[in-house]
Every structure is written in C-alpha cells, then in structure tokens.
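Chemist: Fit chains R and W to the known structure of chain P by using the hints.
Quick mapping for you: the protein sequence lines, in order, are chains P, R and W. Position 124 of the first sequence, counted from 1, bears residue number 124 in our numbering, the numbering being contiguous throughout. Adding 434 to a residue's 1-based position in the second sequence gives its number in our numbering. Adding 717 to a residue's 1-based position in the third sequence gives its number in our numbering.
Keep in mind the hints are simulated off the structure, nothing from the lab. As the structure is a prediction and not an experimental result, all values here were calculated from the model. Don't be surprised by glycine CBs; every beta carbon is placed ideally from N, CA and C. Please note that the accuracy of each hint is not assured.
Label pairs and their calculated CB-CB ranges [what the hints assert, rightly or not]:
id, chain 1, residue 1, chain 2, residue 2, range
1, P, Q361, R, L452, 49 to 59 Å
2, R, S580, P, K182, 51 to 61 Å
3, P, S164, R, L448, 52 to 62 Å
4, P, P364, R, L448, 56 to 66 Å
5, R, V627, W, V1004, 24 to 34 Å
Partner residues aside, some chain W positions facing chain P, computed with beta carbon under 7 Å [claimed, not checked]:
id, residue
6, K818
7, A952
8, P958
9, I974
Chain by chain, the residues:
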Amino acid sequence: MKIKFAMVACAAAVSVSAFAQTEIQWWHSMTSVNGEVVNDLAKNFNATQSAYKIVPTFKGNYTESFTAAVAAFRAGNAPHILQVFEVGTATMMASKGVTVPVGKIMKESGVKFDPSAYVSAVAGYYTAPNGEMLSFPFNSSTTVFYFNKDAFKAAGIATDKAPSTWPEVALAAAKLKATGHKCPLSIAWQGWTQLESFSAWHNVEFATKGNGMQGMDARMKVNSPLHVRHIENLANMAKQGLFVYKGRSNVPEASFISGECAMMTTSTGFYGNVKANAKFDWGLAPLPYYPDVPGAPQNTVIGGASLWVMAGKKADEYKGIAQFFNYLSQPDIQAATHQRTGYLPITTAAFQLTEKSGFYQKNPGTDVGVNQMIRKTTDKSRGIRLGNYVQIRTIEDEELEQVWNGKKTAKEALDSIVQRGNDLLERFEKANKS
Amino acid sequence: MVERHPLLDALSHLILILGVLMVAFPLYLTFVASTHTTSEIVQAPMTLLPGDQLLENYSTAWNGTRKGTGSKAPVAQMMVVSLVTALVIAFGKIAISLLSAFAIVYFRFPFRMFFFWAIFVTLMLPVEVRILPTYKVVSDLGMLNSYAGLTIPLIASATATFLFRQFFLTVPDELVEAARVDGAGPMRFFKDVLVPLSSTSIAALFVIQFIYGWNQYLWPLLVTTEENMYPVVIGIKRMISGGDAQTEWNIVMATALLAMIPPALVVMLMQRWFVKGLVDTEK
Amino acid sequence: MEKRVVFRSSWLPWALLAPQVTVIAVFFFWPAGQAILQSVQQSDPFGTSVEWVGLENFRNLWNDPTYLASFYTTALFSVLVAGLGISISLVLAVFADRIVKGALVYKTLLIWPYAVAPAVAGVLWLFMLAPSVGVVSYWLRVLGVDWDPLLNGRHAMTMVVAAAVWKQISYNFLFFLAGLQSVPKSLIEAAAIDGARPWRRFWTIVFPLLSPTTFFLLVINIVYAFFDTFGIIDAATEGGPGKDTSILVYKVYYDGIKAMDLGSSAAQSVVLMVIVIALTVVQFRYVEKKVNY
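Bound-form chain P, shown alone (with noise of 0.2 Å):
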C-alpha cells in the first residue's frame, strides 16, 4: 500500500514538472562566436533545473531586434527577456509598464542578490538614482586604443611603453608621418571614444544631472573648452595628415587590420579580431588623455548591451528570470564568458578568478579594459543616460564629418551639436512627460 501510494505520488509529482516547465523568451542579437556563447549559456542553465526552459532566439541586429520587440508588445506578444544597446537605456527606463527593474526581480523572487558584488562603472550605467538596479549588464565593452608595434619600430619610436596621453599620440603620429606613413592615427566609434568616454576618463560632463542619469532634463555639455581643445587638436592632425577619418562606427577597423592605421582608438571588442587577423605586432593600452587635466584618468565609459525584463509576465515566469539572472553571475560563469567573448566581467568575483588563472598573463592586452573601469565612479564618469540617443550620435558624426572635412571649425561643430542634441532632449522630455 505505501510503495502504491509512492509510485502514485511519484508519478503525480513527474507529471506536476513535466507539466511545469515555463518557457522563458529571450531575444537576442548576438551574432556569430557570440551568438554561439549565448546559445550555450542557455543550454546550460537549462540543464541544471527542469522548471525553467530559457528560448534564446536571433532577431537580427540591435536595432532590428528592438523593433519587433515594440512590434510584438504592442500587439501583447513581447518576450521575456530583452537585449537592448546601450544607447537605448533611457527610452526603455522612460517608457511606463513596459519594463519591470531587474532589481525588483531579484528581491522578489528571494534570490541572493547583492548589487556591490558588480563593477560600478559596468552596473551602474544601468542602475537607478535610488540604487536599483535597471537592466542586467550582459555584453560590455569600453574604449581602448591599439598600437601597431611593427610601424612604431619602423618609424623608431619606442614601443615598450604605449603612448598614454595625446601629446605622446602626436609625437608618435609626426615620427611615423615623418617616416612615411600614410595613416598614423585614425578613430572609430567617434561620438563614443572622443566625445561620451572621453568625457567620463576626464571626469568632466558629458551632459548635465549627471549626464543625464538624474533626470531627464539634462542637456549637453559637449561644447566645454576641453572637448573644443581636444577636436580642434584632432582637426589640426587631421589638416597635416596625422589623422585621417576612416569612417563611421566600428568601419575604420579594417584599416588597422590591414596595416594602414598605425594608431586606433576603438572598442575592446575589436581584440578577438586583431588577434586572428592582424599580421604583425600590436598592442593594447588604455585610451589617452591630457595629463593636465585633474582627475584624468578617471574611468571610461562602456558600450554595448543589457538584458531587460519585460512587464506584463507572471510571477513564476519572473523567478525563473531571476534564476537565469543569478546564474549567470556567478563568478565561473561569467569569467568563462568573458575569456571567450572578450566582454568585459560584469563582477569583481569573475575579474579576480580570471586574474588568478593567468589568462591576462596568456592574452596580454585583454585586462586594459578592465583595469580602466574597476574604479570608484564619479557623478560625472558613471555613465550616459540620455533620450532620442540614437539620434544624437548619429549627430555627433554629421557634425564631426564636417570639421574633419574642413567646412567647420571645432567650435561650431560642437555648438551644433548641442544645439541639436538639446532639440531632441527636449522633445524627448515632452514626449515622456505624460
């Protein structure tokens, strides 16, 4: 009678979590060897519990992703979990029951949360005033500069010690010039390298409340006499040939790769390729600075991409979230997916344990980025939160286009800039007033 009793219970109970198996949608926009990682990390936790099944799917890049997720909640359909750019934080935070606060998630669902275990200037872009934390950092990267050892031997400039601030980059880019060299300086990611983390490495605003992160009645500050010191510098190279402007976003790349540029300044996501690719010896090094500036260095910004949860869910779907979430902090976890992806390590754990395995020593290069944000953040250098983002960055390489091209000066470029950008931070104030 009581084996009876037990098999029926057992049956009862198997059927109960067969049953039980939530689903969790996750739209994602990670491609190639990322895409992979994150089909992994799915499969994994999906492994360790049978209450949850996290459904990682493609939806085509950042941009197209985000539009079929406002297609699909508009028409009450969204997924669970989200990854949205960087750029987009403060109109998925501005949007009303849309999101629901990772934090919030965490607490309610009893899992162990402890938001000083993340780095602060990795969390904290995506963290509250009050603390809590938004968005779940998932793939950040931040601004480094990358040198062409072989050019720099070429042109005799010593290459044991990287240029660190940027009269050194224009000494090393006049020798290289001088030596012959077509290309010594170029930039990628413009409006994020010279303008948003060169800002947060000065520790001077990039905007106002806080750059943005205390209210959205932040306007631009980009038009400060340090940022017209730095463009009117860069234009100055530009004019003799030390910098030449290679494109938009992360295009100029390919010209570090094939030897052109000796000097680049871009993400350090760029590493795994520059690793496979370039032929030659290269180096990796924080992002230069003007040594007279108090407090520079400070910490640079991040980019890339967070996971947000969307309202509208039940709870148990919730704590599996929740789950998924702290399984992916653990410290094993993320160094794992840091080494693979070169993200940066979203926990002071994670940094650590990949310290203690030698993995910097084995891929010199890869702990630059990292030793540049495990700081104390400042109000000024935690991050960028501002509206129509997208809009102002696409702005910030119009603008710049035309001092580079010569048809405006440093001053006028970024005057427009603030101008403009204004305009839609205070149309994005209206539109979210409501």
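Modeler: The following block gives chains R and W in isolation, referenced to the frame of chain P:
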C-alpha cells in the same frame, strides 16, 4: 534583326561584355571571397584571383561545421522556408494581379478608376513605415509563425497589376472581337487568349517575385519567433557580425552563393519561357 | 488609354478584383491608415504614452533646415538613378536581343546579380568601394583619383548612385528584354525590306512599341529611387558625410526604425507620399499620352 552587320555584331558583344563586367563584377568578387580564408579577405586589397579554399569553404557552409556550433538542419530547413515563401508569393501575386488587371482593363463598372488608383497607391508607402501596424494585424489574425503570415501581406503591392495593365492595353481589340464572335465569354478569352499572350511578362514577373520572396529579411524576422521558420537570408545575415567580433567572410560568401542557386535556376528556366513566348506570338 | 471593346457583366469584374482588394484592404490600407495617424501624434516607441499634437510634427520638419536641404539631394539622386538605370539597361537589352551567339550566357549573367540578397549586396559594395580596403578604391587611387566618399560629398553621392543603379539594371534589363521579345518580328522585317537602317528602325518602330514597358519602368524606377533605396544609403554612407547623401526616405527609415521617433517618421512619410503621388499623376497625365498602346 534581319541583316548581319559584322561591325554592329562586334559592337554588341563589346557593349554586352562591358555590361556584364559592370553588373556581374560584384558577383565575381563574392565568388573569389568564398575561395579564400578570412585573413586573406580582410587584408586589403583582396586579390582578384580565386584562392584554394573552394572545397573547404563550401563543405563547411553546407554542413554547417563552422568554428563552434551550427548544424546541417538550419541550412536545409531555411532553404525550404525560403523556397515555399518565394513560390507562394510569386504565384499568389501573379494570379491575383492577372485577375485585377483584366477586370480594370476589359470591363466598365462604377469606381473602376478608383480601384485602379487604390491598388496603385500601395506602391507609395514603404513597408518599413507601416511595419508596426501590419505586424499587429497579422498577430491579431493569429498568423504569426506561419507561411500565411510570411507570404500574404507581401502579396499586397501593385507592381504586377500595373505591369499587366500596361501589357493588356497593347493587346489588339480585334482579338477580343474575334473571341466575342466565336461566342466566348470573358473568362474563356482570358484563359485562352490573354494569359498565353502575356507569357513573357508573366515569366519576367515570376523571376522578380520569386527573388523578392526569396530574399525577404525584415518581415520574416518580425513575424516569426521560432527560428525554424527563418528563411536563408536571415541565416546569412546572422553570420555577419555587426560588432567587432570576427566575421568569417569566406563562409558567409560561400553560403550566399549557395543560397543564390535556386534563384539562379529560376532565372535560367525562365529564359526558356521567354523564347517559347516569342515563338507563340509569331503566329 | 481606354479599350474600345469591353466585356459586359455586372458581377464578374467585382469577383475578379475581390482577391487583390481584400488583401490590400487588410494588409495595406488598414495598417497604412494607422501609420498615417501617427503623424499627428507623439508617442514613445512602445505606445504607452500617446499624445495628440496636431500638425506639430510637420511644423518641426519645416523648421529643420537639414530636412529642406534633403529635398534637393533626393531630387538629384532620383533623376540620376532613374535616368541612368533605364538608359543603361535599355542599351544592354537591345544589344542582347539582337545577337544570337552567346545570348543565353549574356542574359543569364546580366539578370543573375538581381538574385544577390540585398544584405550581401550592400556589404559587397562596401567591400569594393571602401576607401582603404576596397578593390575598386585601390584601382581608382592607382589611376590618380583621390577617392574619399567618407569626407567628399560628391564621391559619396557617386557611390550610392552607382550602387542603386547597379541593383536596378538587372531588373530593368529583364523587363526590357521581355518587352523587346514581344515586338513582332514581322514589323521589323517589313521595315528592313523598306530599306530602314537599324538605328532608324529602333527609333521609329521598336522604341514606340516598347513605350508601355518604358513607362512602366519609369514609374517603377522613380518609386524605387524614392522609396526603396534607404538600405543602400544605410549600408554605404548612412547619409554622410555630414548630410550629403541623406535622401528623404533615408530619414523616414532612420527616424522610424532606428530612432523610434514614430510621429516624425509618419509625418515625413505623408510628405513623401504626397510628392510621389503628385509625380505619378503627372507621369500618367503627360507622359502616358505619348505612350503607344
């Protein structure tokens, strides 16, 4: 043409070769890129001569054994989805447009021109602008993740109707008279006279619509949430890393060329139909 | 423009039209109406805070000097793309039609590029024309041209026009070929017997008979240049340098899909739609008179 002018012939060949070079050159580059390793491609400028990786790249692409995962199933599955989508769109569009153009040209009825312009206006608003509300309609009708959702909304535009209208207007009235005299009704006329006459236009449209359906990207991305309903173009796009991570260009190009084979076959088959249509109209 | 001989039926035309009309009513007019409604609203992307703002979106457009400048850019771009696209493909089709040896090869090679997926085609053009790494750029530099579409507006415009025309050549070629092959050989022969040379024959017989196809392609190419080219701009220049290649539809696409500013995008679509409808009406009224049916 009637005479044989050797000079004119030579000129024709020259111009055609120039044309082919201009038009097919990017295609040639795709082929070249698919026969090298990725490093060779990224080192600018890429050489114009084919490399030695042809077999390797193509078998990798077909078997999906790229660095890491990827399996055979997705490629084959995606080709099937693309094929069904393309065929349904091509046939569907041609069918409904033949009927509509026939009605508009060969009948008199109230609001006739209104309907023509209503159909025509569908060319005037690009898909991307109305994509959010269209998605909602499709979702409300329960057509997500289905071939119906993938194809029917794309049949809506007017290109085919417009083309058939142009063509029907050139058909001599005598033919209609003759049919009437024979006692044939409108549908007989349509089936036995008009459709055969339109064969070259139908063939041209079939090529265009098949390729249009085959190359769909944004709409399937939105309308399907299950990756097993993805057409092959999404698979290709997915290999192209938007960020800084390594894109295996050689495999991407090889896959793109493989994915081009069905449309290319369609083009070649339709060539025959052109000639056949020509022979028929000589009567 | 009107058929003199028609069929009589009270119900048949409606039945014939029904499939297409149903599809476009459900999948075009209904969503399009909603999209246009957005032009008088201001909302966040998710639709949670929607506000009626009347003509404010339109007023913002009018006050934006860069928007007004893009009218000129669009006009230039469209004329170049439609004009070059049609003339080049007509030349190719005429010559492909007249030769016998190797006809199939030429025709296949000229149509096949149309089969390249737009995603791949965009990347290819970038490959070829990218200032540093592009094969074509390399050879241009060898020839002494300082090719820099990143900073030189005219170079950028050349690049996008070339890419847009390239994509359309196969399309136009296909239809011209179909049109040419439905020209009755008997007419050509009769004219030849009368002593007309090929050039004369072309302009007095073939071209007029080809005019329905040409008219069709003219309308389609203009619609294409106005509405379907944003993908090329996005892949090649993103509207740059500055705003030198920012055509009207690119801003529509950019605002609607990338920036998620649905109100502004809808307002721009309305403006664009009005322009193209006006252009089309003009074409039907004046150009179609010259078309021989």
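Chemist: Are there hints from earlier that the structure breaks, and if so, what are their numbers?
Modeler: 6, 7
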